[in-house]
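As a plain string of letters, each chain reads:
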Amino acid sequence: MRLRSWEAVLGAIVVSMLMGLRLIAAFLVVDPAAPTDAPLLGPSRAHPFGTDQLGRDVFLRMVESTEAFVIPGLFAVAVVLVIGVPLGAAIGFWPRSRLTGAARVGLTIVGAWPRLVLVVVVIAIFMVSVSDPAAWADARLYVLALLVAISFVPQLAQELSERVLIFQREQFVEAARAHGLSDSRILFVHILWANCRELVLRQCCLLFASFLLVETSLSYLGDYGVPPPRPSWGNILSDVRSQVIHVRSLARPDSWMPGDVIEGLGRAITEGAALALIAPTVAIVVSIGGLLALARHFAEARA
Amino acid sequence: MRRRLSALRQLGRRTLSFALVVFVSSVVFGLLLWSVPGAAEKAGEDTFLAWLAGFWKGVFVGDLGRSYRGVPVYEMVWRGALRSLPLIVSALVLSLGTGAVLVVALGHRIGGMGRALRAALHALSLCPVFLLGYLALVLFAVPPEGPRQAFAAVVILALGDGMLSDVLLGLESEYRRLMRRDFVQSARLRGTPVWRHVLPHMALPVAQIAATRIAWLIGGVLVLEMVLGIQGIGLIGYRAADTADLPLLVAITVFVTSLVAGASLLVDVLRVLVDPRVRKDRRAASRSTA
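First to last, the sequence lines map onto chains E and Z.
The first sequence: position 224 = 224 (our numbering), numbered continuously.
The second sequence: position 65 = 1065 (our numbering), numbered continuously.
Just so you know, these hints were derived from the structure itself, not from any lab.
Treat the hints with care, since some could be wrong.
[Claimed, not checked] Here's a subset of chain E near chain Z, in silico, CB distances under 7 Å, partners left out:
id : residue
1  : ARG115
2  : VAL128
3  : SER129
4  : PRO133
5  : SER217
6  : VAL244
Beta carbons: idealized from backbone N, C-alpha and C, even for Gly.
With the sequences and hints as input, model every part of the structure.
This is the structure:
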């Protein structure tokens, strides 16, 4: 990928940072429940983001949170590539076939289910149905990824099929046919690989962002996201909820002069747990922003 | 005469497809919940088909039985919907209104300030709904009741999860496409007010964007109601999911699905009403706005 636009640069930085953090997290051997120091310390050299109310290092928890979404997110992308791409391609390539017509009806039905509703209902059923929910804590994230991927298939398949339909009428396809190439070769090599790559990549970025969104949202709400004490950017935010009033009172400036405001913020960061609030917020916004920027880059790469 | 007939036929087909979507959704979610251990005994029916028949009869009669906590389901769904629907609709209106004003203003080149505002709104729109709700609680101490809470909820829904961003991008591309059309150019040259020609042409794309965003908004409402503690359909559904409450959850999913499918049905009705040609081209119908 050539880095021609600021979107591509930003996206590449964010994606490589997420992957890098995930790699670092793989080498960390930390018990997520065990305290590392006194609770509610301010930022220091030992704990760059301070500690939370249970004495756990916030920075380490931030890094470890990538375990909750990077690999499941890639799993969701793989699911969509395996289900959504062939489905969309087939619908576009054989628009009059009865089979693809049925597939289109199926996609309309799945497309009418709001993503979060589908995810919450099915995960809840999964949790009630398995005999030992704690043993399935790991699998839960993959179920989540699978559901987000399924809810994403109609969107991808729709866009892809429209595109394939346009290309299928092009002259080069006719020429390839006249040369005796098989349907599958024309579809996969000449249409999908040569002309729809960017579209699929764009949808993959959107899917990854939307998985991150769903994972952090559910982890924040509790119950269906990452099971505590394992960290997620969402549940770090919800853990700090009890400290919020304290942080607010610390941060309240004496006057609205810039100096006082900065002083108040500094007070909230050094004495309160403000960083445990700011860090996940920034991480979520930057990650989603980077992924969406990358998606835009792919959208404009072949406009 | 023939044209009108084809329009009617299209509408009939779309209505049928709407009914199919809602019905199949009730079957799928019903089966999923039926498979939960102990669901059949609590439902008091022997087979799934009997339960399904009872459910659909209940939808039309207005009695869906009681939830596992013993509250009448029909009443609960209605009460939740009366809380959530105004939020969804006003968030849509706010988001589309802001988007339209910005697009028109930026279309006429407002300059650096406008661009900065647009960039700021895009950045704010990146925040997930739960994060905006949380920050609103933290920074502005949103009360658990009353008009201030409703105001905050509408603003958050209109912004969060990329809502405003998507609406803005969708409207912008439609507006640009429209302004390049020949009839707009000729109206400009004749000196007649352009908006009179532009407005009817924007109706369909706007409706289309609104319809596609409704599914997102329902997800947003679910999260936001949990964060702010609004007793709407999302909160009821989330609580019901905890116990895999068969009657309540199926009722809610069917209601929500019919909202989403109903919105796209409405867009198609609007298309027949507004567009005299009644396009056969399905691509224009389902143009993606993302």
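For each hint, the structure was consulted:
Below 7 Å, beta-carbon pairs count as interface contacts, and E/ARG115 has one with chain Z at about 5 Å; its hint therefore holds. Hint on E/VAL128 holds. Least Cβ distance to chain Z is approximately 4 Å, under the 7 Å limit. About 6 Å separates the beta-carbon of E/SER129 from the nearest beta-carbon of chain Z, less than 7 Å, and the hint is met. The beta carbon of E/PRO133 comes no nearer than 12 Å to any beta carbon in chain Z, farther than 7 Å, and the hint placing it at the interface is violated.
Annotation: E/SER217 was flagged as interfacial toward chain Z, and the flag holds, the nearest CB pair being 5 Å apart, inside 7 Å. Given the 7 Å rule on beta carbons, the hint for E/VAL244 holds: about 5 Å separates it from the nearest Cβ of chain Z.
Of the numbered hints listed earlier, the single one contradicted by the structure is hint 4.
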